[in-house]
Amino acid sequence: MHATIEADNLRKVYRGSIPALGEASFTVGKGEFVTLIGRSGSGKSTLLNILGCLDSPSSGTLSLDGVPVDFRDSARLVSIRRQKIGFVFQQFNLLPHLTAQENVEYPMLFNYREPEERARTAGGLLERVGLDGRKDHLPAELSGGEQQRVAIARALVSDPPIILADEPTGNLDQKTSGEIFSLMQEIGRERKTTFFVVTHEREFGEYADRSFRLVDGTVTAI
Amino acid sequence: MTKLLDFARLSARQVRKKRMRVLLTAFGIAIGIAAVVAMVSFGEGIRYQAIETIRQQSDLTLIEVTGSVKDGTVIPITESKAELVRKIPHVEAAGPVYRVSFSTLRQTYIDVLGIRAEDLRALFRPALASGELYPASSSQVLLGHELAEKLKKYEGIREGDLFTVVIRDYNEYGAPSDRKLAIKTGGTLRAREDALDTLLIMDRDAVSALSNESMPYNAVYVRVDDPENVMAVARDVQSLGLTANGAFRQIESVNRFMDLVILFLSIFAAISLVVGALMIVNTMVMSVYERTREIGVSMALGASQGDVVTLILTECLYIGMIGGIVGDLLGIFFSWVINTAGKAYLISQTGDLFSAFARYDLALVTPGILIAGFLVAVILSLVSGIYPALQAARMNPVEAIRHT
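If you read the sequences in order, they're chains S and G. Heads up, the first sequence is in the working numbering, so the first residue is 1 and it goes up one at a time. Heads up, the second sequence is in the working numbering, so the first residue is 1001 and it goes up one at a time.
Hints should not be assumed to be uniformly reliable.
[Said to hold, decoys possible] Calculated lysine-lysine pairs in the DSS-like style (CA-CA distance at most 25 Å, straight line):
| # | chain 1 | residue 1 | chain 2 | residue 2 |
| --- | --- | --- | --- | --- |
| 1 | G | Lys1153 | G | Lys1180 |
| 2 | G | Lys1153 | S | Lys135 |
| 3 | S | Lys135 | G | Lys1003 |
| 4 | G | Lys1180 | S | Lys135 |
FYI, nobody ran anything at the bench for these hints, they're computed from the structure.
Sequences are here, hints too, so could you generate the full structure?
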């Protein structure tokens, strides 16, 4: 049984600057809910972008779902993003001119599915995140918590083994944040999806199976 | 394919959202297209009139085949060459002829056409004002309408009269020697408004009998079955090493001239197209910049660089299609303005000179011009979209997502 995320000595140095990330090594198993806690500027986003195949490490290796990632092969990176990874952002990043339903269907335009299948999958996921009645609303007509639920449904739409969340509750109040965390936790358990959640708040550690701390670019388990 | 349709629907949403901006941008292209459409239509209209005028005033299906000079030697029209000309497809009738000249005793010069009576009939369908066609190998002649008038007026020669003409030959030293020949006028042609009006027409063999040695024909007249086939026959004639001339040459030169005029008019009109294209580049660069984050997110969600390029170019495609349709409509409108206000003005300013135009449209909008206008708009828009699309695709998704 291989790990879902296997990071070995990931390092990132931006040109002419101090390392943004140094020697990150860790593994995350299938269906695990992991939080990564760190102050802003500690390299959390850099690590998350590398795990999400949006950025490449200066050195080190990464395997996702048992497959080593070749960061030089951009076509392959696209297909990894399509099949293995779902993203949840702090700013929700829903497309403003698309309805909730259409936002959830959006990734299936690239990872192509027929319209009927798209509608079915997206409808089911919106129901699961508790937005059954708001499918036809535009993001501007939804609350922050609701928008983030739509984003979670969108991240799940290709049924990826890994969801990467970058401070998903950073723009939400305490109560809503708790709801979002417990929703992610439930979904992770139901679907055996690995959640890798970056946060700077320790209090949500309770939802996690494990927590890492990132200090000055180095990952340590708590 | 279905994927492209979904992309088209998605881009249509973007376009609808930014309706005003897209319309204004498309309008920029549309004005350029309209200008080109109107200019080309104007040129085509003038070309059409010029060619129509030539058609009405001249005998389009008649070709005069003459010998040509190749590498310094004259290719004469022999009997066998004439036969080859006759066998060219679409040639209805062909008659080899002699062209000589006589003068009267009072020094009136007369151009003579030596042609067989049956060839004359097949080629020119002569209508007689009086008298009859000449019999074979006789010195009886047929007069063109103008020539008959002239002879009557200045020489007092009437139909049925026998009169004497002088044939001037030159010997090998270039010294002239005159012979006299008595000919009889047997008939007069009706006025035809063509070259036959001034000619004296007589039998071909009678003309060749005037010379001691056998001479090659001066020309072969060819009647083509349809104006459409004239150019093809002319080409075949040229491939025989002979020269083809006729009213169609005028049409050719009108076409060449108008091609040039239209090209120049279009170049000036096309400057506004360049401006329109720059507007598209500007609009799309702005649109890409505004949507930086959206593009970054799309990439994180699985859009490839190709997907991003396709999305942006699809939007440009819409701008181009709107611009093309609006441009064509405007072009039709501009042409209408040229045809109503413009024509009235032109005629009032130039008087009789252009009064013939009153019957025609000055600008001629053809489906071909409209289709070309639409295609130019679409292609130009797509080309204008390449830079913004590549700019979008080359974005670093990490930075794009962070963009506010």
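Hints and how they fare:
no. : hint                      : in the structure
1   : Lys1153(G) <-> Lys1180(G) : 22 Å, holds
2   : Lys1153(G) <-> Lys135(S)  : 102 Å, violated
3   : Lys135(S) <-> Lys1003(G)  : 23 Å, holds
4   : Lys1180(G) <-> Lys135(S)  : 110 Å, violated
When each numbered hint is compared with the structure, violations occur for hints 2 and 4.
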